[in-house]
Amino acid sequence: MIEFQSVSYAFDDVPVLEDVSLSIDDGEFVLLAGGNGSGKTTLLRHCNGLLEPDSGDVLVDGTPVAEDLIAARSSVGMVFQHPRDQFVAATVGADVAFGPENLGLERREIDRRVTAALDAVNMAGREDDQIDALSGGEQSRVAIAGALAMEPTHLVLDEPFTGLDEPARRSVLDRLASLMADGTGVLLATHDLRDVCGLADRIIAMRNGRVAVDGPLAAVLDDLEGLEVRVPGR
Amino acid sequence: MIEFQSVSYAFDDVPVLEDVSLSIDDGEFVLLAGGNGSGKTTLLRHCNGLLEPDSGDVLVDGTPVAEDLIAARSSVGMVFQHPRDQFVAATVGADVAFGPENLGLERREIDRRVTAALDAVNMAGREDDQIDALSGGEQSRVAIAGALAMEPTHLVLDEPFTGLDEPARRSVLDRLASLMADGTGVLLATHDLRDVCGLADRIIAMRNGRVAVDGPLAAVLDDLEGLEVRVPGR
Amino acid sequence: MATERNSVDLVDDTVVRQFARAAVLAALIGVAALVGIPYPLSPAPVTLQVLFVFLAGLVLGPVWGAFSLLLYLTAGAAGVPVFSNMTAGIGVLFGQTGGYLWSYPIAAALIGVIVHRGTTLRDLHDVSLTVVVGALVAATIVIYAMGSVYMSWVLEMTLWEAVTVAALPFIPAEIVKMTAAIAIVRSGRITPVRS
Amino acid sequence: MLTYEPDETLAHRLDPRTKLAVQIGFAATALAHTTPRALAVLSVVTALVLFGARVSIRRTLVDYRFALLILALAPLIAGVTLGSPWFDTADAVASGLASYRVLLILLVSAAYVRSTPVRDSRAAIQWTIPGKPGQLLGIGVALVFRFLPVLQGDLRTIREGMAARLGSERSAVDRASTIGILGLTRAFDRADRLSLALQARCFAWNPTLPSLAFSRLDYPVLVLAVALAFSAFV
Ligand SMILES: Nc1ncnc2c1ncn2[C@@H]1O[C@H](COP(=O)(O)OP(=O)(O)OP(=O)(O)O)[C@@H](O)[C@H]1O
Ligand SMILES: Nc1ncnc2c1ncn2[C@@H]1O[C@H](COP(=O)(O)OP(=O)(O)OP(=O)(O)O)[C@@H](O)[C@H]1O
Ligand SMILES: O=C(O)CCCC[C@@H]1SC[C@@H]2NC(=O)N[C@@H]21
Ligand SMILES: [Mg+2]
Ligand SMILES: [Mg+2]
Numbered sequence: 001m002i003e004f005q006s007v008s009y010a011f012d013d014v015p016v017l018e019d020v021s022l023s024i025d026d027g028e029f030v031l032l033a034g035g036n037g038s039g040k041t042t043l044l045r046h047c048n049g050l051l052e053p054d055s056g057d058v059l060v061d062g063t064p065v066a067e068d069l070i071a072a073r074s075s076v077g078m079v080f081q082h083p084r085d086q087f088v089a090a091t092v093g094a095d096v097a098f099g100p101e102n103l104g105l106e107r108r109e110i111d112r113r114v115t116a117a118l119d120a121v122n123m124a125g126r127e128d129d130q131i132d133a134l135s136g137g138e139q140s141r142v143a144i145a146g147a148l149a150m151e152p153t154h155l156v157l158d159e160p161f162t163g164l165d166e167p168a169r170r171s172v173l174d175r176l177a178s179l180m181a182d183g184t185g186v187l188l189a190t191h192d193l194r195d196v197c198g199l200a201d202r203i204i205a206m207r208n209g210r211v212a213v214d215g216p217l218a219a220v221l222d223d224l225e226g227l228e229v230r231v232p233g234r
Numbered sequence: 001m002i003e004f005q006s007v008s009y010a011f012d013d014v015p016v017l018e019d020v021s022l023s024i025d026d027g028e029f030v031l032l033a034g035g036n037g038s039g040k041t042t043l044l045r046h047c048n049g050l051l052e053p054d055s056g057d058v059l060v061d062g063t064p065v066a067e068d069l070i071a072a073r074s075s076v077g078m079v080f081q082h083p084r085d086q087f088v089a090a091t092v093g094a095d096v097a098f099g100p101e102n103l104g105l106e107r108r109e110i111d112r113r114v115t116a117a118l119d120a121v122n123m124a125g126r127e128d129d130q131i132d133a134l135s136g137g138e139q140s141r142v143a144i145a146g147a148l149a150m151e152p153t154h155l156v157l158d159e160p161f162t163g164l165d166e167p168a169r170r171s172v173l174d175r176l177a178s179l180m181a182d183g184t185g186v187l188l189a190t191h192d193l194r195d196v197c198g199l200a201d202r203i204i205a206m207r208n209g210r211v212a213v214d215g216p217l218a219a220v221l222d223d224l225e226g227l228e229v230r231v232p233g234r
Numbered sequence: 001m002a003t004e005r006n007s008v009d010l011v012d013d014t015v016v017r018q019f020a021r022a023a024v025l026a027a028l029i030g031v032a033a034l035v036g037i038p039y040p041l042s043p044a045p046v047t048l049q050v051l052f053v054f055l056a057g058l059v060l061g062p063v064w065g066a067f068s069l070l071l072y073l074t075a076g077a078a079g080v081p082v083f084s085n086m087t088a089g090i091g092v093l094f095g096q097t098g099g100y101l102w103s104y105p106i107a108a109a110l111i112g113v114i115v116h117r118g119t120t121l122r123d124l125h126d127v128s129l130t131v132v133v134g135a136l137v138a139a140t141i142v143i144y145a146m147g148s149v150y151m152s153w154v155l156e157m158t159l160w161e162a163v164t165v166a167a168l169p170f171i172p173a174e175i176v177k178m179t180a181a182i183a184i185v186r187s188g189r190i191t192p193v194r195s
Numbered sequence: 001m002l003t004y005e006p007d008e009t010l011a012h013r014l015d016p017r018t019k020l021a022v023q024i025g026f027a028a029t030a031l032a033h034t035t036p037r038a039l040a041v042l043s044v045v046t047a048l049v050l051f052g053a054r055v056s057i058r059r060t061l062v063d064y065r066f067a068l069l070i071l072a073l074a075p076l077i078a079g080v081t082l083g084s085p086w087f088d089t090a091d092a093v094a095s096g097l098a099s100y101r102v103l104l105i106l107l108v109s110a111a112y113v114r115s116t117p118v119r120d121s122r123a124a125i126q127w128t129i130p131g132k133p134g135q136l137l138g139i140g141v142a143l144v145f146r147f148l149p150v151l152q153g154d155l156r157t158i159r160e161g162m163a164a165r166l167g168s169e170r171s172a173v174d175r176a177s178t179i180g181i182l183g184l185t186r187a188f189d190r191a192d193r194l195s196l197a198l199q200a201r202c203f204a205w206n207p208t209l210p211s212l213a214f215s216r217l218d219y220p221v222l223v224l225a226v227a228l229a230f231s232a233f234v
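Chains as they are written, first to last, in UniProt numbering: chain A, 1 to 234; chain B, 1 to 234; chain C, 1 to 195; chain D, 1 to 234.
Every clue listed holds true.
A few chain D residues that face chain C, going by a derived Cβ cut-off under 8 Å, partial list only:
hint, residue
1, Tyr4
2, Leu71
3, Ser99
4, Ala187
To be clear, the hints were calculated from the coordinates, so they are not data collected in a lab.
Even for Gly, the Cβ is constructed at its ideal location relative to N, Cα and C.
Using the sequences plus the hints, can you model the full thing?
Laid out in structure tokens, this is it:
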């Protein structure tokens, strides 16, 4: 479980998150919606301690993130908004293996996870490709595989579908569904709800750094009006 | 008019475009659809000579691009897949002015074009803003303004809507519609047809570097099956 | 419209590529200079600038390497905070570390000439390690010679005093930077633009 | 940090070329003279310049604190001798006066930095240095200005990207070399993308230059600059 307890955060005195409280249960799929600049990315970065709240607390499985960063980072997998910001190696295989290696796993287990993760994003057999030579969408997929390979208990994804083609999007969604069935909690930021809301348990919509809406999609659909997000059927 | 005559291109012996022939008329809005890695970005980069075909010809207004690079680059405006790759200056105004300056226009004409272009993307009066301090959607708009300010007769856009929130997407679409009415030819790459196909005259869909489908949307909708693109109503 | 276009004189695409690399490398040297660690044994701070001077010569060659460093000095003089500890201004170019700064373009050109044997760039894998090390050592000597001579003059110290404070204390750090530069170009992830 | 700040001071209203001339004239004469009398005169000039640009001396000294440390050390180093009398006061005084003039040169250039936007410096370079070198240096300065923060940001995202997948578990050497090599490859990737952006936007040898014009204010100041330069020879 990921919990935010009245978290506030400012970049150089400009408040970006204000008094945010929310929680994501194990096995739950929560969408984080909101227009450009509403604070989605900033919020996600608190989940694994890349940012620390100015006030309030972020807890992963009951422990404050700042108290045990390693635990938070091994149980919260993160996909960045810009995949290129996330790569740490030159080839696809080496990059996806980076996280599992840091978990101290055995080589055979690492290889198994790399294969499974690349499979899930339709990039099977591309281990030796240079990341720089991939197309934009292919890079997004490798970034997702990098987080999946850590087999975290929570997944945090920042607009993972921008740039993904239709089969890749479906395959990632399938994978998310099966992860959720196994108890993984998913928090996914987007401003286009059309593609994911069938699967989602709940929607949290942000405006100007505050939680404006929090509830099951059907219940809050009307409240999303004016929140600069794309909703199904419009 | 932009014309491709059996264009082929390979990155280090890996064929990426194979025997591509197509044309975009003045005032026409053509969508370039296709899955990740199908060759959209590579194709677009041929339109203004950023890449040169291994075989075949690319013509802009009847002249081969390689023969008159100046004509091709000043009459084909290009918006890159990642707007952040496109900026050459620190502030919005300086960046948008860069193209017109290099065309050797008079200062007064440059100022007029910068104002008009920023106006067109709802960024009027933001000349002195630092580009790095803009939100993702605002950056995309500035990137588009940079191309518009060159007042090109053809506009080539590589997935301009990824990351844009709903109001931003609408305002860019509006602008494209009015440019087309003035005779600008538009070629727009995407793998999500739902947002733009109302406006488009024609769809060219790529698969594995080849043109798989080319025709008006209504006529080719069924042929798009299996082409890894998202179509309306599914 | 046609006459307007004909007057445009496009910069050649290969020049644009080299120029863009030179500009980004100049900015990179500025990033390296952000944190100057004041060094108790010397009136000059320890910085990573010299590492990038090495890379400029190795990867960009004599012409564009030297241009990149000249651009670095120009940007600093123009007010971009690229000199050590985020300083800027012509004053720094004439200040006590000015000798080092002026030596950078010369050092980069020297490395480029030795390693690439002229202005057409070679594949760095074809250059023997001895030549690379020799080039870096020669460049280091130029940097410290100019740095110490200028410092002794502008601060009115004897040459020997200047050498003991402005050159000798840096020798260990310089060996580390040379090793790093060689490791980087040998890794093959950054290669000269050869056409 | 000492940078340009918008203001209405006398220095802000001068043409950048005039200000460059003053700095060079001042540096020339300061480097030629270390007599206490000459330094007294130069101190008065410095005070006038700082006043004319409304530079806060205290803040500037704080910004140059590392340089000051060195300038303070130099007389000590010059004074120390091996053997009796162990400290040579005459040497120390000579070096002290020399250090003081360096401080004056730094302060005068601080006035330039505080009062001149990079865009003006760029224009001055393009108007002063003839031909292609002047063009490239001018645009280059603008590019360095843009990329300095961008590359700093890259280093930050590399560290975050590694941290998110527990790169903190690796050895310090491994981490440092990964950050170093990634920082470099990313910078060179940026350069290659920048060159595409420049090409797409018609990067030319003969762009419209930013406008610059001497005003009546500039002429007396130019005379002062020339006088300073000539005084180097008396
Ligand atoms: N490094 C930074 N420095 C200063 N301000 C920042 C920084 N990063 C983000 N901001 C500001 O914080 C606000 C929220 O940014 P954030 O990236 O969280 O938005 P977002 O909801 O993810 O938007 P998008 O849909 O564009 O990704 C914006 O107004 C942005 O300008
Ligand atoms: N610099 C490069 N070197 C080698 N191969 C490359 C390079 N750039 C692209 N490719 C390959 O060319 C193919 C087409 O890439 P391109 O970027 O044109 O695809 P795209 O249709 O734009 O895909 P996307 O929707 O993901 O942006 C891909 O298979 C990619 O791996
Ligand atoms: O003010 C500047 O930016 C110049 C600093 C010069 C530092 C010199 S370069 C050679 C020597 N090696 C270091 O690490 N620092 C000094
Ligand atoms: Mg975001
Ligand atoms: Mg693409």
